[in-house]
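Just so you know, the sequences run in chain order A and B. Everything in the first sequence is counted per this note's numbering, starting at 1 for the first residue and increasing by one. Everything in the second sequence is counted per this note's numbering, starting at 1 for the first residue and increasing by one.
Heads up, a few of these hints could be off.
What the hints assert, rightly or not - No more than 25 Å apart at the CA atoms, straight line, and that leaves these computed lysine-lysine pairs for PhoX-like: (1) B/K165 <-> A/K146; (2) A/K165 <-> B/K148; (3) A/K148 <-> B/K62.
Unchecked claim - What the simulated footprint calls covered on chain B by chain A, stretch by stretch (three residues with Cβ under 8 Å from a Cβ of chain A suffice, anywhere in the stretch; the number is not a length): (4) 20–26; (5) 55–64; (6) 84–98; (7) 167–177.
Think of the hints as simulated: they come from the structure by calculation, not from any bench. Cβ atoms here follow ideal geometry from the backbone N, Cα and C, with glycine treated the same way.
There are 2 protein chains.
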Amino acid sequence: MRQMELSRAFTLMEPGPVVLVTTYDSEKNNIMTISWTMVLDFTPQFAITTGAWNYSYTALRKNRECVIAIPTVDMLDRVVGIGTCSGADTDKFAKFKLTPMPGKVVKAPLIKECLANIECKVIDIVQNYNIVVLEGVLAHANPMRKEKRTIHAVGDGTFIVDGRKLDRREMMASKLPAGL
Amino acid sequence: MRQMELSRAFTLMEPGPVVLVTTYDSEKNNIMTISWTMVLDFTPQFAITTGAWNYSYTALRKNRECVIAIPTVDMLDRVVGIGTCSGADTDKFAKFKLTPMPGKVVKAPLIKECLANIECKVIDIVQNYNIVVLEGVLAHANPMRKEKRTIHAVGDGTFIVDGRKLDRREMMASKLPAGL
Numbered sequence: 001m002r003q004m005e006l007s008r009a010f011t012l013m014e015p016g017p018v019v020l021v022t023t024y025d026s027e028k029n030n031i032m033t034i035s036w037t038m039v040l041d042f043t044p045q046f047a048i049t050t051g052a053w054n055y056s057y058t059a060l061r062k063n064r065e066c067v068i069a070i071p072t073v074d075m076l077d078r079v080v081g082i083g084t085c086s087g088a089d090t091d092k093f094a095k096f097k098l099t100p101m102p103g104k105v106v107k108a109p110l111i112k113e114c115l116a117n118i119e120c121k122v123i124d125i126v127q128n129y130n131i132v133v134l135e136g137v138l139a140h141a142n143p144m145r146k147e148k149r150t151i152h153a154v155g156d157g158t159f160i161v162d163g164r165k166l167d168r169r170e171m172m173a174s175k176l177p178a179g180l
Numbered sequence: 001m002r003q004m005e006l007s008r009a010f011t012l013m014e015p016g017p018v019v020l021v022t023t024y025d026s027e028k029n030n031i032m033t034i035s036w037t038m039v040l041d042f043t044p045q046f047a048i049t050t051g052a053w054n055y056s057y058t059a060l061r062k063n064r065e066c067v068i069a070i071p072t073v074d075m076l077d078r079v080v081g082i083g084t085c086s087g088a089d090t091d092k093f094a095k096f097k098l099t100p101m102p103g104k105v106v107k108a109p110l111i112k113e114c115l116a117n118i119e120c121k122v123i124d125i126v127q128n129y130n131i132v133v134l135e136g137v138l139a140h141a142n143p144m145r146k147e148k149r150t151i152h153a154v155g156d157g158t159f160i161v162d163g164r165k166l167d168r169r170e171m172m173a174s175k176l177p178a179g180l
């Protein structure tokens, strides 16, 4: 076993699903691409890492709500495009031909083209680590969608696409919430 | 788009890489399986969600160090096995035929069979959310290993294996740290 660069260690950790996070700042909709996410126990609470370097952060902090939208591999170039321009000077819904749909609970929009959308409230911001704690309040899925493979950012500009699914439900039964 | 069960929303978020976290409690080594992880910016800092429900938590809190080991798909049954028994009554290295190797900085062991290992210090515990903040201090990889595909827990007992890798480095160049 050889030592590797510590600065690349995060590329081993990050490969979760890339998500799009929409906000509404009382004037306009915006979207950011986020791959720094974590679930908090078997709950609809999520943590995301973001901060003032993202234009969306102001809206997130002020209006304290957002939508987490789950894109799939056919949307990769849009996902990367969204992550490399700013809502400060770009209408990302228009630029990337995405369709905002009204949520039921929050004012931030759902993204019609995505596999699923989760309406969320901001319940806390852990300032020291730029961790925003979200509480999912309503979730939406698009079961008609054929492409279901999500994408996982490695963090170095490459992305891993979902491959095979393996089933270990029986082996894990004792550890899963009932009825999952 | 149809509403889906809120209780399943976390299954959309979780698919990050499943990791093994080793600890040493001054008497013995232990391992836990964790898929609730997040990177914190382009740094070697990581957040994991764990708590007193994991036997390893006491060692993590007391000795304030651990190793994050990255398993691959050929190790799935061991990863699930580790996650479904307790260090309270099981020597998991022996039971799952894994080889502990000494780290250079921390007393928690590396796992020889894994693709990579990251030695970590616990730098904070955000009690409200059971978030443990880790600082990676040394990383190790195993470049000779043929199987490199990691596994992503969906959270319902199924696992997604890494598929194709797509390259968008050029498109993302402006957003990545130099020299990555």
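- Task: Hints the structure violates: just list their numbers, smallest first.
- Result: 3, 4, 5, 6
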